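Chains as they are written, first to last, in this note's numbering: chain A, 244 to 567; chain F, 244 to 567.
It should be emphasised that the hints constitute simulated quantities derived from the structure, not laboratory data. One thing to keep in mind: the hints can contain errors.
Copies of one chain are not kept apart here, so a pair can be met inside one copy or by any two copies together.
Here are the simulated BS3-like cross-link-like pairs (lysine-lysine), alpha carbons at most 25 Å apart as the crow flies [said to hold, decoys possible]:
1. Lys-287 / Lys-559
2. Lys-282 / Lys-254
3. Lys-470 / Lys-287
4. Lys-254 / Lys-559
5. Lys-470 / Lys-282
6. Lys-470 / Lys-552
7. Lys-552 / Lys-254
8. Lys-254 / Lys-470
9. Lys-559 / Lys-470
10. Lys-287 / Lys-254
Remember, predicted model here, so these are calculated numbers, not experimental data.
There are 2 protein chains.
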Amino acid sequence: MSESLPEWAEKILARDPRAMARAISAVESGEPAGIELLKLLFLKSGRAYVVGVTGSPGAGKSTLVEKLAAQYRASGVPIGIIAVDPTSPFSGGAILGDRIRMQALSPDEGVYIRSMATRGHLGGLAPAVQDVVTILDAAGCALILVETVGVGQDEVEIARHADVTALLLVPGMGDDVQTFKAGVMEIADIYVVNKSDRPGAERVEQEVMAMLAMSQRRDDWNPPVLKTVATTGEGISDLREALERFRSFGERDARRLARRREQWRSRLLELLRQRLFETALGDLEDAALEACVEDVLAQRRDPHTVADKLISDFRKGKGVAGGR
Amino acid sequence: MSESLPEWAEKILARDPRAMARAISAVESGEPAGIELLKLLFLKSGRAYVVGVTGSPGAGKSTLVEKLAAQYRASGVPIGIIAVDPTSPFSGGAILGDRIRMQALSPDEGVYIRSMATRGHLGGLAPAVQDVVTILDAAGCALILVETVGVGQDEVEIARHADVTALLLVPGMGDDVQTFKAGVMEIADIYVVNKSDRPGAERVEQEVMAMLAMSQRRDDWNPPVLKTVATTGEGISDLREALERFRSFGERDARRLARRREQWRSRLLELLRQRLFETALGDLEDAALEACVEDVLAQRRDPHTVADKLISDFRKGKGVAGGR
Numbered sequence: 244m245s246e247s248l249p250e251w252a253e254k255i256l257a258r259d260p261r262a263m264a265r266a267i268s269a270v271e272s273g274e275p276a277g278i279e280l281l282k283l284l285f286l287k288s289g290r291a292y293v294v295g296v297t298g299s300p301g302a303g304k305s306t307l308v309e310k311l312a313a314q315y316r317a318s319g320v321p322i323g324i325i326a327v328d329p330t331s332p333f334s335g336g337a338i339l340g341d342r343i344r345m346q347a348l349s350p351d352e353g354v355y356i357r358s359m360a361t362r363g364h365l366g367g368l369a370p371a372v373q374d375v376v377t378i379l380d381a382a383g384c385a386l387i388l389v390e391t392v393g394v395g396q397d398e399v400e401i402a403r404h405a406d407v408t409a410l411l412l413v414p415g416m417g418d419d420v421q422t423f424k425a426g427v428m429e430i431a432d433i434y435v436v437n438k439s440d441r442p443g444a445e446r447v448e449q450e451v452m453a454m455l456a457m458s459q460r461r462d463d464w465n466p467p468v469l470k471t472v473a474t475t476g477e478g479i480s481d482l483r484e485a486l487e488r489f490r491s492f493g494e495r496d497a498r499r500l501a502r503r504r505e506q507w508r509s510r511l512l513e514l515l516r517q518r519l520f521e522t523a524l525g526d527l528e529d530a531a532l533e534a535c536v537e538d539v540l541a542q543r544r545d546p547h548t549v550a551d552k553l554i555s556d557f558r559k560g561k562g563v564a565g566g567r
Numbered sequence: 244m245s246e247s248l249p250e251w252a253e254k255i256l257a258r259d260p261r262a263m264a265r266a267i268s269a270v271e272s273g274e275p276a277g278i279e280l281l282k283l284l285f286l287k288s289g290r291a292y293v294v295g296v297t298g299s300p301g302a303g304k305s306t307l308v309e310k311l312a313a314q315y316r317a318s319g320v321p322i323g324i325i326a327v328d329p330t331s332p333f334s335g336g337a338i339l340g341d342r343i344r345m346q347a348l349s350p351d352e353g354v355y356i357r358s359m360a361t362r363g364h365l366g367g368l369a370p371a372v373q374d375v376v377t378i379l380d381a382a383g384c385a386l387i388l389v390e391t392v393g394v395g396q397d398e399v400e401i402a403r404h405a406d407v408t409a410l411l412l413v414p415g416m417g418d419d420v421q422t423f424k425a426g427v428m429e430i431a432d433i434y435v436v437n438k439s440d441r442p443g444a445e446r447v448e449q450e451v452m453a454m455l456a457m458s459q460r461r462d463d464w465n466p467p468v469l470k471t472v473a474t475t476g477e478g479i480s481d482l483r484e485a486l487e488r489f490r491s492f493g494e495r496d497a498r499r500l501a502r503r504r505e506q507w508r509s510r511l512l513e514l515l516r517q518r519l520f521e522t523a524l525g526d527l528e529d530a531a532l533e534a535c536v537e538d539v540l541a542q543r544r545d546p547h548t549v550a551d552k553l554i555s556d557f558r559k560g561k562g563v564a565g566g567r
């Protein structure tokens, strides 16, 4: 690119879709320019309301997110949608395919959609999701919907970094409720029984209520359990109303600040973990790594000793004396 | 403990269950003594056949693993079982509860069972599973069954580090096959349709066959699709036979060495990532971290700049001049 970083940043602040798409690609692939750009954009961000939407495959998340976005668009605010897909460990790619796409949901130009894979190229926990949020936020997206496909730990991590989390459940998937109990169930601020025109919707609702009666939140929010039929749009306005209620609750409640502090602490630590590793890998020559692998394979050295040595080399810098 | 590290290691080599249990606890909680112990034990390990058994909740993994262990025990070899549970992000504990238990499967003293949580205390990807394998291996367990509860990325990672991976499927959970396609499906060396006395077993078998017909392996192994009824023991001897067939296939095939090399490379990198982070955290004072969090929260500094500064401080050592 012939533009300077500040020029690039300016284009993003002006919501230029191509500049945004390039920024996201740069961040996703871990380019140094992407990180420098983020440093500029971060200071212009922080105004978006980030809504996490999670639930098992087939729960109707995409349809619900689309309907919710359309409803919010009626008020004219630019909206960002990030769809996070589980990654195949073999292909390394996202299931939904096209990861570079950034397009309008409809002819409407105020909606930016981005698919992302759960894992970065170095196996981190979707570290780039928060960075993409920062880009969309700086670009003026007042609402950012982060849709996570799946029920795993990664999705929980992503959801925990949203300002509010909605969990979608559907009737007739009793086993999933079981699975969710491993932790996903407890993280939601709003529960949505989607496809609620199907038999069993009441049972799911009651199960969630029973779970909520037993669990204890750190704040005074009382998570609502809503019913929707995303395909027809039924209940979407209730969901929007609940999201707005939670937003003003958050602005009043001091404990929400504590949640944000925790989110940034964990984000900062995750970033430290990832960048440390990337920096160390950058310093490590391929041949040196392969020699270590061969040593371990032949049981000449154990992996812990090898790792300790690599860390100590890293701290000393590339063959530079000094440090500790 | 009043014993020295070499004494502790000797007890483990002699298969003392209490010494083994203490070692596993030390490794799991990241105690330095545990790591020093591993360094000694690693050089005595490498003989076990590590079998990963994965599948969705309710697929009957525990029962199958128990029956398989009983069958292998008939030949007199000591056996280790590691049951990896998804962790609740809230409690931090394993669902199955008792993580410290190490007991005989039956009055038989040759079977060692251990439950572990997927995530370590620092959020790593079950880094300790491989370390527990090393302990059981050094203790002479000729067969180690690693049972992962769940279908997420973590379970895939764990399965990839086994010598052989068996994937359990059950009839009547069509949606799960869909979920598995995100990558878990492809990693197995042996497919097991458990509860095959239920309706739909043929359909699952055919789906797997169809998937296999489309996928391409790096080696010449032709993954079998077996049917079992774990509760009655039906098909367990076929499974054992397939496991043994895969083992001798692996000993003949040069590409299996390439797989082991890849496993150790990825294990070494994971260890480097984790230990780097732990070392950096150990150096970082709580107050300094909190000051960073406050800076980011107040948008005085962006998280990437903060992380870069922390890394540079880490490389210089705790206030020690020099390095780079």
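Tell me, please, which holds for Lys-254 and Lys-559 at an alpha-carbon limit of 25 Å: within, between, both or neither? neither (41 Å within a copy, 38 Å between copies)
Tell me, please, which holds for Lys-559 and Lys-470 at an alpha-carbon limit of 25 Å: within, between, both or neither? neither (58 Å within a copy, 56 Å between copies)
How would you label the pair Lys-254, Lys-470 (within, between, both, or neither) given a Cα cut-off of 25 Å? Neither way: Lys-254 and Lys-470 sit 41 Å apart in one copy and 59 Å across, limit 25 Å.
If the cut is 25 Å between Cα atoms, do Lys-470 and Lys-287 qualify within a copy, between copies, both or neither? neither (37 Å within a copy, 59 Å between copies)
If the cut is 25 Å between Cα atoms, do Lys-552 and Lys-254 qualify within a copy, between copies, both or neither? Classified as neither: same-chain Cα gap 45 Å, cross-chain 28 Å, threshold 25 Å.
Pop the pair Lys-282 and Lys-254 into one bin, within, between, both or neither, using alpha-carbon distances up to 25 Å. within (15 Å within a copy, 54 Å between copies)
If the cut is 25 Å between Cα atoms, do Lys-470 and Lys-282 qualify within a copy, between copies, both or neither? neither (41 Å within a copy, 56 Å between copies)
When no copy is named, should Lys-287 and Lys-254 be tagged within, between, both, or neither for a Cα gap of at most 25 Å? within (13 Å within a copy, 60 Å between copies)
Is the C-alpha distance from Lys-287 to Lys-559 at most 25 Å within one copy, between copies, in both cases, or in neither? neither (36 Å within a copy, 32 Å between copies)
For the identical chains here, do Lys-470 and Lys-552 meet the 25 Å Cα criterion within one copy, between copies, both, or neither? Classified as neither; 56 Å inside a copy, 47 Å across copies.
Against the hints set out earlier in the document, violations occur for numbers 1, 3, 4, 5, 6, 7, 8, 9.
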